[in-house]
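Participant: Could you put together the complete structure from these sequences and hints?
Number of protein chains: 2
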Amino acid sequence: MFSQTMYELGTKKSTIRTIFEYGRKRAAEVGEDNIYDYSLGNPNVPAPAYIKQAIFDILNEEEPCAVHGYTIAPGLVSVREKLADSVNRRFQTNFAAKNFFITGGAAGAITITFKALSEAGDEFITFAPFFPEYKCFVEAAGAKLVVVPPQPADFQIDFTEFEKRISAETKAVIVNSPNNPSGAVYSEKTIKKLTDIMKKKEKEYGHPIFLISDEPYREIAYDNIKVPYLPHYYADTIVCYSYSKSFSLPGERIGYIIVPDEAASFEKIYGAIAGAARVLTHVNAPSLFQRVIARCCDMPSDISTYRQNGTLLYNGLIAAGFKCIKPQGAFYLFPEALEADDYAFCKKAQKFDLLLVPGTDFGCPGHFRASYCIKTSTIEKSLPVFKKLAESYGIGKRS
Amino acid sequence: MFSQTMYELGTKKSTIRTIFEYGRKRAAEVGEDNIYDYSLGNPNVPAPAYIKQAIFDILNEEEPCAVHGYTIAPGLVSVREKLADSVNRRFQTNFAAKNFFITGGAAGAITITFKALSEAGDEFITFAPFFPEYKCFVEAAGAKLVVVPPQPADFQIDFTEFEKRISAETKAVIVNSPNNPSGAVYSEKTIKKLTDIMKKKEKEYGHPIFLISDEPYREIAYDNIKVPYLPHYYADTIVCYSYSKSFSLPGERIGYIIVPDEAASFEKIYGAIAGAARVLTHVNAPSLFQRVIARCCDMPSDISTYRQNGTLLYNGLIAAGFKCIKPQGAFYLFPEALEADDYAFCKKAQKFDLLLVPGTDFGCPGHFRASYCIKTSTIEKSLPVFKKLAESYGIGKRS
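Chain order of the listed sequences is A and B.
For the first sequence, the residue numbers in the UniProt record's numbering are 1 to 399.
For the second sequence, the residue numbers in the UniProt record's numbering are 1 to 399.
Keep in mind the hints are simulated off the structure, nothing from the lab.
A quick note: this is a predicted structure, and the numbers were derived from the prediction, not measured.
Do not rely on the hints blindly, as some may be mistaken.
[Unchecked claim] The calculated lysine to aspartate or glutamate pairs, modelled on EDC-like cross-linking and capped at a C-alpha distance of 20 Å, are:
1) B:K200 / B:E161
2) B:K52 / A:E62
3) B:K375 / A:E62
4) B:K98 / A:E8
Facilitator: Take a look at the structure:
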């Protein structure tokens with residue numbers, strides 16, 4: 001009568017969603033201020049003022065029928081030219097409009113890319129910890145997601161494990177840096193080693209292995225840390241970008257795919273992306289927001305709140321006795337859980353009204369994710385509670 | 001190296017697109033005013049002033065972080081409540097927020113619905129002439145599109161042909177009324193007969209057969225013609241609506257699905273829709289425009305230009321000797337071609353700078369589609385040219 005697979009995908013609640021919904025219920029009981037909800041990765045910084053201004057200007061200045069009209073499927077040429085110019089200025093690249101395909105955010109971008117590339121028997125490799133929807137999206141494209149175990153010391157890549165898994169069936173490798181959930185940024189050394197191995201394997205297998213750079217957090221990186229721009233390191237790179245985090249526009253669904261000229265069979269890949277967009281009923285990325293990003297693409301992101309929150313939470317957790325890598329990018333910390341079973345740990349934290357997500361959900365047991373895109377005052381108030389939680393495990397107690 | 005199927009879907013140009021692109025080239029040669037481009041179904045009436053006002057009001061009044069933030073996948077509850085209230089007032093229904101799923105336009109709505117319903121071996125029936133993307137979308141969901149031949153006398157339904165095709169494999173029947181490309185509206189008599197047959201077949205096969213009402217043109221109907229509201233006639237109806245035409249917002253990708261409580265396994269179907277939306281990376285319908293339609297859903301559509309254009313073109317074509325049903329809805333005429341081969345006819349029309357789409361593309365040979373959502377002055381100027389075209393076939397010449 002209906003697709004059982006779709007029903008299960010549509011009704012099985014994710015752990016994150018379950019925790020979030022518990023939080024809403026609990027907030028109604030104990031008050032919003034007494035619940036420390038670190039569950040969701042939803043930007044808490046409003047879109048910058050220049051976004052509002054751009055919308056007003058577009059509605060006042062541009063031809064109204066065009067503003068809300070269909071655009072061609074890859075997005076307006078004039079918008080893609082602006083995006084290309086902006087990326088070229090920032091990263092010393094040579095992209096043109098024809099290299100860009102404007103999408104419904106990074107989720108749209110990666111799903112279209114997976115679908116465009118997938119053939120029967122294909123495998124896509126990613127590195128734990130990873131965004132759990134990858135599995136759903138890769139499988140929907142008819143391929144298999146292969147996960148490389150984490151390297152918890154620094155959340156860079158465990159290359160021994162990677163080399164065990166890359167094979168003639170590998171269609172692409174997906175990286176997400178700055179990373180959700182670890183907060184790590186892959187160093188240039190990591191990227192060089194990764195792409196060296198991939199180049200060697202391309203030769204060995206005699207076919208391209210694409211590097212898909214899922215980078216919605218590119219702009220959110222701290223302390224001038226370098227986020228390597230992957231097309232510089234590897235020809236067969238496909239960039240999937242989103243304005244959800246950099247401009248705080250997650251609900252508007254706007255981002256893009258870049259297929260560089262240098263990528264193997266550039267025109268074929270771009271054509272397959274157009275076909276995948278068609279069957280996924282992309283139609284066109286929202287037309288008003290295509291124009292907004294064209295006007296704003298050179299504007300800076302305001303990451304000061306995230307920087308402040310990350311530092312505050314990190315220092316508090318370390319003081320309470322937690323082990324965690326320093327925040328490098330995105331807006332997540334991914335500390336070690338205080339017992340081996342991260343589900344049990346998060347359940348216990350919940351009793352303290354600390355809502356944390358088990359690392360197992362990201363393919364990395366023994367850890368938890370704390371999204372610090374929340375009110376700074378909530379973080380401040382939660383720090384003594386984290387301390388109590390640690391003390392309940394006998395950590396950090398004054399003797 | 002990539003999906004050949006996606007490549008072909010992404011690069012094989014549709015006839016409409018080819019004609020449109022020819023028109024752009026030709027306009028550059030002979031001037032915009034000397035080309036009569038009836039190829040595209042792109043609204044030429046700008047979005048009403050209340051849309052612009054609603055956007056300004058939302059940006060000035062509502063909490064900025066929420067305005068552009070993620071919403072839950074089915075859309076904001078408050079928005080769905082407003083939509084339900086509005087539909088209930090207009091059609092004396094009893095829908096609630098839980099019956100609505102807000103989507104990226106009607107294309108998003110029907111694709112999600114196809115995917116939610118499809119099981120192996122399923123067939124979806126539609127009636128020629130029909131929107132050609134149905135085939136691509138149904139096949140992407142893993143099912144087969146079965147086409148009932150047209151009834152060109154009035155473009156209602158040929159029930160003899162329908163009864164030959166409905167079978168135990170029929171998962172759903174798709175109707176599009178007011179119709180693209182015929183401009184016909186299915187009468188209450190047609191809908192009653194259709195749903196009577198479907199009810200009988202549901203009993204005979206012992207499983208539901210869904211009726212998918214693809215209705216982006218619902219508001220565009222002339223002379224107070226009644227457009228029957230299908231949930232009143234058939235319990236297992238799923239409504240797929242879009243604001244693309246009624247509010248001239250095709251680029252913004254906003255519409256909805258309604259699954260009535262009365263539909264078989266309401267909760268299962270709604271769950272499967274959520275799953276299909278997830279794998280199609282719907283995420284959420286654009287958040288600003290969710291709020292816009294909530295504020296504007298009771299406002300009237302301005303169809304005066306389309307009414308004027310339809311009448312003008314219809315009268316001109318009839319006077320020139322064409323045969324065509326009177327415009328009842330949408331913004332298309334679908335006259336008989338002046339020779340049996342509609343491709344040859346449209347090629348010949350192109351020599352007169354009249355850009356028309358062959359009916360074969362809509363599963364209805366021997367006809368052509370003329371989209372009259374263009375400038376009224378262009379239609380006026382084109383009428384003597386249609387006359388010349390008819391005369392070249394020996395029609396309407398003064399003896």
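Participant: State the violated hints by number, sorted upward, taking the hints as numbered earlier in the document.
Facilitator: none
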